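> Since chain A is already given, all that's left is putting chain B on it; use the hints.
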Amino acid sequence: MIAFLIYKTIICVCVFGLSLGVAAYSTWWERKFASFLQDRVGPDRAGPFGLLQPLADGGKMFFKEEIIPNVSNRFLFILGPSLFMITSLMTGAIIPWSKDVTIGGVVYPMQITDINIGILYLLGVASIGVYGIMIGGWASNNKFALLGAVRASSQMISYEIAMGISVIALIITTGGTLSLREIVAQQDAGLCNFVYQPLGFLIFFICALAETNRAPFDLAECESELVGGYHTEYSSMKLGLFLFAEYINMFVSSAIMAGFYFGGYNFPFAHEFYNAIGLAEGSWLISLIGFGCYFTKIFLFICLFMWVRWTLPRFRYDQLMNLGWKILLPLSLLNLAITVVVEYFRGNIHF
Amino acid sequence: MKLTSRSKVVSNKEQSFSESLYLPGIIKGMSITLSHLFKRRATVKYPDELRPMAGVYRGQHVLKRDDIGAERCTACGLCAVACPAEAITMESAERKKGEEGMYREEKYARIYEINMLRCIFCGLCEEACPKEAIFLTDKIVDTEYEREDFIYGKDKLVEKMTARIDVTKRQTKEVIEFKKLPGLKHNELFDGKSLNKGKKH
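These protein sequences, in sequence, are chains A and B.
Sequential numbering of the first sequence, starting at 13, is according to the working numbering.
Sequential numbering of the second sequence, starting at 46, is according to the working numbering.
These aren't lab readings, by the way, just hints derived from the structure by calculation.
Every value quoted in this text rests on a predicted model; they were computed, and no experiment measured them.
Heads up, some of the hints might be wrong.
Think about it this way: if two alpha-carbon atoms lie no more than 25 Å apart in a straight line, the pair counts; the simulated SDA-like pairs of lysine to any residue are [claimed, not checked]:
id : chain 1 : residue 1 : chain 2 : residue 2
1  : A       : K155      : A       : V83
2  : B       : K73       : A       : V353
3  : B       : K73       : A       : V83
4  : A       : K76       : A       : L251
5  : B       : K84       : A       : A46
6  : B       : K47       : A       : S47
7  : A       : K72       : A       : S247
8  : B       : K84       : A       : L312
9  : B       : K73       : A       : M333
10 : B       : K84       : A       : T323
11 : B       : K73       : A       : E42
12 : B       : K53       : A       : Q331
13 : B       : K73       : A       : P210
14 : B       : K73       : A       : V320
15 : B       : K73       : A       : L135
16 : B       : K73       : A       : F311
17 : B       : K84       : A       : L316
18 : B       : K58       : A       : R326
19 : B       : K73       : A       : R321
20 : B       : K84       : A       : P210
21 : B       : K84       : A       : W319
22 : B       : K58       : A       : L332
23 : B       : K53       : A       : D330
24 : B       : K73       : A       : P228
25 : B       : K90       : A       : D56
Just so you have them, the derived chain A footprint on chain B, three or more residues with Cβ under 8 Å [claimed, not checked]:
id : region
26 : 101–107
27 : 201–214
Quick list of the computed label-pair ranges, beta carbon to beta carbon [what the hints assert, rightly or not]:
id : chain 1 : residue 1 : chain 2 : residue 2 : range
28 : A       : D330      : B       : F166      : 51 to 57 Å
29 : B       : F62       : A       : L297      : 49 to 55 Å
30 : B       : V89       : A       : K20       : 48 to 54 Å
31 : B       : V54       : A       : Y329      : 42 to 48 Å
No residue lacks a Cβ here, since even glycine has one placed at the ideal position from N, Cα and C.
Next up, chain A with everything else stripped away, as it sits in the complex:
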């Protein structure tokens, strides 16, 4: 029991640190990547290649004056960013980071917890995340913040439907399991799910952009219309939490996409490769290689997020709603219908 607790604590701390570290360096890489796309150099003053930039940014955030507006609801004002941060960190709990490690006959899964309704948990926690924005925007007692919050919540609700339906199609192809661990493990031998669900992936990716409030769907913080959107009134580290949580969300949704559609820690000819270098199942080295593979995929997805952000202009609000309700929703339903028919003929669905 003690050993179990220690193991869980270690893995929790690791995932926590990993999420924060990746989020911190995503801010750096975002700026670097953006500058590369624009033929610039980007931050390069703080440390080699500007690698200490996140520390400098974080330090700046900490030392900024903390302003809580008098007319705001103080409790909710503080609750907003906290909730947003907590929910974005919580989603990392169900991601299977790598293959199990066997030490002394005991199997240690590289995952905080494997819930058999993992996907539901994910969608649930992700939708709680918008409460952080809503509460923060409302508690600021500022019209711009409120509008930003309303935009964020309606956008989340609109895109969650298409996302949910595309996930249903995915679940049908993976044989009805809702556990992330099993979905990733299933892609171990055969093809990754992207091959079966290309349209589903496209819909999921667009919805993930919208869910994480990333450009071109960052209407909630549209500075040309809403000053700063839902975080207009925020300053100091509370603003930092909002911005930081967005990067954690990006990291987690990249991890989920890589897991759902691109096989997570698996890579083509993994078994042949492991056999060739003589590694047995359950070795920590296999786990490490798997983690490296997963992380590469996540990194590429994060790059894709940034690439999209620095290419596409922001949507107009009615365009956003049109895309969500009139295009993505029918498209995901079509994808679901096609999936059902195809899977029926493949013999995976029984009535």
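Just chain B, lined up with the frame of chain A:
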């Protein structure tokens, strides 16, 4: 919804099917940004890295000293006359005995000021100078907080003996050759006691 009867559609071109999908357009845009990932950065990291400057770059002025360190300027005022921005003022004084090592000629500039805010860095002072005393250099004028600080006096303009400034790049070959001619007033050198007329050096 038509809000007014006077509204007009500016362009009646219908979107084609591929345009209405937006995906080809998005992919095109993204390939453009991706191609920029591999392009050369235009940035020059300025304080670390300097863009190559022309040898005749016209920056901050210097009042040259001659080989033994005497100021060449004789306060003739031709530079001030030539100056289209009227940035140069000076006041002359007579050289006293024993100051031969400090000033090359009998008359020298007691005060010599250039207002760097007025100066347009045209280089006409350099051209007008008969004594090869004033030159523009490739140094860029520093920023200051007060306007007064931009009026550079002799303390900032006169060349330091510890940090001589090479201006040979600013002179044409012909000028350098001409300067070497013996017998020119130009080449009279002060050896510590008296002027060494016509001595080749």
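> Does each hint hold? Answer for all of them.
Now the hints, each set against the structure:
{"no.": "1", "hint": "A:K155 / A:V83", "verdict": "holds, 13 Å"}
{"no.": "2", "hint": "B:K73 / A:V353", "verdict": "violated, 33 Å"}
{"no.": "3", "hint": "B:K73 / A:V83", "verdict": "violated, 48 Å"}
{"no.": "4", "hint": "A:K76 / A:L251", "verdict": "holds, 10 Å"}
{"no.": "5", "hint": "B:K84 / A:A46", "verdict": "holds, 13 Å"}
{"no.": "6", "hint": "B:K47 / A:S47", "verdict": "violated, 43 Å"}
{"no.": "7", "hint": "A:K72 / A:S247", "verdict": "holds, 11 Å"}
{"no.": "8", "hint": "B:K84 / A:L312", "verdict": "holds, 20 Å"}
{"no.": "9", "hint": "B:K73 / A:M333", "verdict": "holds, 24 Å"}
{"no.": "10", "hint": "B:K84 / A:T323", "verdict": "holds, 16 Å"}
{"no.": "11", "hint": "B:K73 / A:E42", "verdict": "holds, 21 Å"}
{"no.": "12", "hint": "B:K53 / A:Q331", "verdict": "holds, 21 Å"}
{"no.": "13", "hint": "B:K73 / A:P210", "verdict": "holds, 20 Å"}
{"no.": "14", "hint": "B:K73 / A:V320", "verdict": "holds, 12 Å"}
{"no.": "15", "hint": "B:K73 / A:L135", "verdict": "violated, 32 Å"}
{"no.": "16", "hint": "B:K73 / A:F311", "verdict": "holds, 23 Å"}
{"no.": "17", "hint": "B:K84 / A:L316", "verdict": "holds, 19 Å"}
{"no.": "18", "hint": "B:K58 / A:R326", "verdict": "holds, 23 Å"}
{"no.": "19", "hint": "B:K73 / A:R321", "verdict": "holds, 15 Å"}
{"no.": "20", "hint": "B:K84 / A:P210", "verdict": "violated, 31 Å"}
{"no.": "21", "hint": "B:K84 / A:W319", "verdict": "holds, 16 Å"}
{"no.": "22", "hint": "B:K58 / A:L332", "verdict": "holds, 23 Å"}
{"no.": "23", "hint": "B:K53 / A:D330", "verdict": "holds, 21 Å"}
{"no.": "24", "hint": "B:K73 / A:P228", "verdict": "holds, 16 Å"}
{"no.": "25", "hint": "B:K90 / A:D56", "verdict": "holds, 10 Å"}
{"no.": "26", "hint": "101–107", "verdict": "violated (count 0)"}
{"no.": "27", "hint": "201–214", "verdict": "violated (count 0)"}
{"no.": "28", "hint": "A:D330 / B:F166: 51 to 57 Å", "verdict": "holds, 55 Å"}
{"no.": "29", "hint": "B:F62 / A:L297: 49 to 55 Å", "verdict": "holds, 52 Å"}
{"no.": "30", "hint": "B:V89 / A:K20: 48 to 54 Å", "verdict": "holds, 53 Å"}
{"no.": "31", "hint": "B:V54 / A:Y329: 42 to 48 Å", "verdict": "violated, 22 Å"}
Going down the numbered hints, you'll see the structure goes against 2, 3, 6, 15, 20, 26, 27 and 31, while the others check out.
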